[in-house]
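Asks: Quick mapping for you: the protein sequence lines, in order, are chains A and B. Each residue of the first sequence is one higher than the one before, starting from -13 at the first, in my numbering. Each residue of the second sequence is one higher than the one before, starting from 9 at the first, in my numbering.
Just so you know, the hints here were simulated from the structure itself, not pulled from any lab data. Among the clues, some could well be false.
Listed next, the in silico EDC-like pairs over lysine to aspartate or glutamate satisfying Cα-Cα at most 16 angstroms (straight line) [said to hold, decoys possible]:
{"#": "1", "chain 1": "B", "residue 1": "Lys372", "chain 2": "A", "residue 2": "Asp115"}
{"#": "2", "chain 1": "B", "residue 1": "Lys375", "chain 2": "A", "residue 2": "Asp115"}
{"#": "3", "chain 1": "B", "residue 1": "Lys195", "chain 2": "A", "residue 2": "Asp392"}
{"#": "4", "chain 1": "B", "residue 1": "Lys372", "chain 2": "B", "residue 2": "Glu419"}
{"#": "5", "chain 1": "A", "residue 1": "Lys206", "chain 2": "A", "residue 2": "Glu226"}
Derived contacts from chain A toward chain B, CB cut-off under 7 angstroms, selection only [stated by the list, open to error]:
{"#": "6", "residue": "Asp26"}
{"#": "7", "residue": "Ser28"}
{"#": "8", "residue": "Gly31"}
{"#": "9", "residue": "Cys33"}
{"#": "10", "residue": "Lys45"}
{"#": "11", "residue": "Met77"}
{"#": "12", "residue": "Val84"}
{"#": "13", "residue": "Asp162"}
{"#": "14", "residue": "Gly375"}
Bear in mind that the values here come from a model prediction, so they are computed numbers and not experimental data. Every residue gets a Cβ at the ideal spot worked out from N, C-alpha and C, and that includes glycine.
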Amino acid sequence: MAKLTIDGKEIEVPDGTRLFDACREARGGRDLPHFCYHPDLSIAGVCRLCQVEIEGMPKLTIACNTIVRDGMVVHTTSKRVNQAVTQVLEMHLINHPVDCPICDQAGECGLQDQYMDYGLYESEVEKTDKVLKKKAKVIGPHVILDQERCVLCARCTRFCEEVTGTGELGIYNRGDRAEIDVAPGVELDNNYSLNTVDICPVGALTSRDFRFQKRVWLLKSTSSVCNGCATGCNVRVDHEGGRIYRLKPRRNDEVNGPWMCDKGRMTYKDVHREDRLDRVLVRREGELQPISWAEGRQELLGAVKPGGVGYVLADPGRSLEELVLIQRLATELVGEEPMAGGVSDDGHDEGDDLLLSADRRPNRKALAWLDFAEKPAEALAGELSGASGVLLVFGGDPLAHQALADAASRMRVVYLGTHRTATAEAADVVVPLSMWAEKDALWVNKQGRIQRGQRAVLPPGDAREDWRVLVDLLQSIGHDPEVAGLPALRRLVAARLELEDENLLNRLPEGGYAPPRLADAPTGGR
Amino acid sequence: MSREECKILSARFGRPDGHRLKVYEAEGGYQALRQVLGERQPDEVIEAVKESGLRGRGGAGFPTGVKWGFVPKDADQVYFFVNADESEPGTFKDRYLMDYDPHQMIEGTIISSYAVRANLAFIYIRGEFGWLIDRVQKAVDEAYAAGYLGKDILGRGYDLDMIVHKGAGAYICGEETGLINSVTGTKGQPSIKPPFPAVSGFLGKPTIVNNVETVAAVPWIMIHGAEAYRAHGTEKSAGTKLWSVSGPVKNQGVFEVPLGIPFADFYRDHLGGMRDGEEFKACIVGGSSVPVLTADEMMGCNLDYESLQEAGTMLGSGGMIMIPKSADMVELIKVLMHFYWDESCGQCTPCREGTGWLHRLIGKLLKGEGVPDDLDLLDKVCEGMGGLTICPLADAAVMPMQSFLQRFRAEFEARIHETATPGSPSRWARGE
Chain A
-13 MAKLTIDGKE IEVPDGTRLF DACREARGGR DLPHFCYHPD LSIAGVCRLC QVEIEGMPKL
47 TIACNTIVRD GMVVHTTSKR VNQAVTQVLE MHLINHPVDC PICDQAGECG LQDQYMDYGL
107 YESEVEKTDK VLKKKAKVIG PHVILDQERC VLCARCTRFC EEVTGTGELG IYNRGDRAEI
167 DVAPGVELDN NYSLNTVDIC PVGALTSRDF RFQKRVWLLK STSSVCNGCA TGCNVRVDHE
227 GGRIYRLKPR RNDEVNGPWM CDKGRMTYKD VHREDRLDRV LVRREGELQP ISWAEGRQEL
287 LGAVKPGGVG YVLADPGRSL EELVLIQRLA TELVGEEPMA GGVSDDGHDE GDDLLLSADR
347 RPNRKALAWL DFAEKPAEAL AGELSGASGV LLVFGGDPLA HQALADAASR MRVVYLGTHR
407 TATAEAADVV VPLSMWAEKD ALWVNKQGRI QRGQRAVLPP GDAREDWRVL VDLLQSIGHD
467 PEVAGLPALR RLVAARLELE DENLLNRLPE GGYAPPRLAD APTGGR
Chain B
9 MSREECKILS ARFGRPDGHR LKVYEAEGGY QALRQVLGER QPDEVIEAVK ESGLRGRGGA
69 GFPTGVKWGF VPKDADQVYF FVNADESEPG TFKDRYLMDY DPHQMIEGTI ISSYAVRANL
129 AFIYIRGEFG WLIDRVQKAV DEAYAAGYLG KDILGRGYDL DMIVHKGAGA YICGEETGLI
189 NSVTGTKGQP SIKPPFPAVS GFLGKPTIVN NVETVAAVPW IMIHGAEAYR AHGTEKSAGT
249 KLWSVSGPVK NQGVFEVPLG IPFADFYRDH LGGMRDGEEF KACIVGGSSV PVLTADEMMG
309 CNLDYESLQE AGTMLGSGGM IMIPKSADMV ELIKVLMHFY WDESCGQCTP CREGTGWLHR
369 LIGKLLKGEG VPDDLDLLDK VCEGMGGLTI CPLADAAVMP MQSFLQRFRA EFEARIHETA
429 TPGSPSRWAR GE
């Protein structure tokens, strides 16, 4: 441990701590001004803003490249430091276009924030004296570059070197002609390109998807978990007026660090897709017709009866709570065998060695924990051709497999889902469900970590909290699970998973929880 | 002191075929290497160099032996770099050393590499020195052929390979970490320190970078001893120094004199005074990156590290730019500010933006658009640059700028037109 004094406050930090981090601690969580420092990237030391005064050293020192020493006496707000920071900040601003009114970064911009702390002066530079560079240059499928706004902190170039190892971005030219760019013929098209937008402290790199969509100060943020694959990156859902505008990664060092992939970021678009189901549909005269919720509920309850249901099919895209309830319902309806946790052929694609998992379902691990087996489409088709009555499908799109569609053609298909899939088109009753961002739900990622996503927006139309629909169904067949609300539901789930504490899932830590008891459970459905 | 005395580095300057191995050998060349490899341990060489008081001649003046001593003793691989990227404006001594006597530098490099236990040495020559690169390469080839380089040098069990590397034309690659990065193949720009190259440099291994003039002095020190070297110069500034003198003096060129001689003597005896019709006004004594002194100040000081520092400037690279009365200081500083603006690598914000700002402000003065506040602004921009960056390039721009303003303010004021449209009152001028 090293003891040091920062701004008159004595603190003790582990040896090897960066002075930058020690200063944050001593300053009650307030960072030193900075652009280039990023805890997950190498030290660049180029923005020159985190200057501090260390007693006994003649010159000011940048805190990001200094390791604490026992007995250090450091000043972060002395007159000398403040003057240097003010001057360096002015250097950052002299060639900046100050086009905040049309800049997406406005409101979450490092330059703006630091100007409020250290600037608040008139410019010494005539607008006509500024160095002009390229604006609004498309450099990849997701990212657009404005070189004039860039402060050349080199975070994006370091990200592409050190995190993705793809090296698309470089700093070209030198002096005040230096600029971030891609080489001719190269695109910033790796699957993590939007992280460069996150770490860009100014509006130099902006998201083509989010550009000009919404002023950031109007957005509300909700913590959730990405449903794009089995990794379960922690995300922040930024939304306003019931509409999601973007997903941003939320740091979880056990899962995704500070990053997430571009594919995951775009999954919010599925929430607002045109083909979302928002009404109950029933097949009348060969066509699916929308009906009221009250009428639809009667249809659903009427179809889901013991003896009437021939097969129950779930999907690892459903939440942990839902899977527990679906499994219980299936057991009551059909007994042990004629059920499956999902179609094991579905939800696989190419993954990478960073975050994107080849398993594109957010909850396959939960199926494994519940011993709720997935089955291959071919095997399922065989089982279905021997079944009769109602085929009850929760999510996914099993009937996209022709063999399954054929096998199910003799059955009455009741589909509870989110989109107008092939299965919905083939169904006789269709009930709208909520998507991940529309509910408070638990997800088990591939590591076996239970993570909670919160409700950011309301589901469309008649869609409602999915677990209530399931409880309604259980009650109607005389097996009331007696859960009045989410806390009780999560106690039920905890009991099902035999967790040591029945309220554990009601008190999940921010970063989620991986139950040691289930650590050795198999990775996927059987 | 006569002009012929004390030729440690420049003995073979101007000698016909002085760059050839046989001429160098005939004059005792490579004897120092034979002696060192036969008789001395690497640490003894380091001690001898420490003892000699030799200081880095590239500009910083850091004691050479001390720098060598920073290499960790347990390093498995050490690299040695000769900095021949001579690009400090006003400096052309290394060019003479390589042109007239490349073997002296090569022998010095081999001994220096041996001292720090390096088995690979680079000579990094600025790309603009096209013919010199060929000349040095040929000398290296001769040294290989003669068994002074390669495996088991002179049968003494020491291996050293030497690569002549051509720079691509950037001032900043003369900064040692920029130089190392340039050889590595990454952008030629300085690295953040710590770590220092002596601990982690080329490919992450301990690396020593020394100027041409520094290593060129090593063979002489080995033959004649540290004591003999210290006999020249002053207590803290030992030995001799090459001065590259430009400007309208009677004798321009490279002069070797002991450190510590009075500038007035050097001016009289070696430079022969200014050309007829010119009057001595000022001097940038150590390459363009040091503060300018007035003629009066120069006439009062001695040419060594300490005296020049006391006088408010630095010995630097010894690139002595003599400025006559007829020169316009604003025009001159514009040339320098253009240089630093052009050469800033652009990494650190104060340097990247500050050099451009200074350049634009001087341009404004020269166009007759300057306002009185601009002079204070120049000063304040300098304050926002100095000492705040990774490498000294920002300081290198600030030192001439501030000293020009301080010592020749009247010439700047004369550039400010009374008719110029005043801008808004400056924040700096308001004292905020």
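Asks: It remains to establish, for every hint, whether it holds in the given structure.
Replies: How the hints compare with the structure:
1. B:Lys372 - A:Asp115: holds, 10 angstroms
2. B:Lys375 - A:Asp115: With a Cα-Cα distance of about 14 angstroms, the restraint between B:Lys375 and A:Asp115 holds, given a limit of 16 angstroms.
3. B:Lys195 - A:Asp392: The given pair, whose Cα atoms are some 63 angstroms apart, is violated under the 16 angstroms limit.
4. B:Lys372 - B:Glu419: Answer holds: B:Lys372 to B:Glu419 is near 15 angstroms, not above 16 angstroms.
5. A:Lys206 - A:Glu226: Cα-Cα ~6 angstroms, so holds.
6. Asp26: violated, 17 angstroms
7. Ser28: violated, 9 angstroms
8. Gly31: Given a least distance of 4 angstroms, the restraint on A:Gly31 holds.
9. Cys33: holds, 6 angstroms
10. Lys45: Since chain B brings a Cβ to about 5 angstroms from A:Lys45, closer than 7 angstroms, the hint holds.
11. Met77: holds, 4 angstroms
12. Val84: With a minimum Cβ separation of about 14 angstroms from chain B (threshold 7 angstroms), the hint on A:Val84 is violated.
13. Asp162: holds, 4 angstroms
14. Gly375: violated, 69 angstroms
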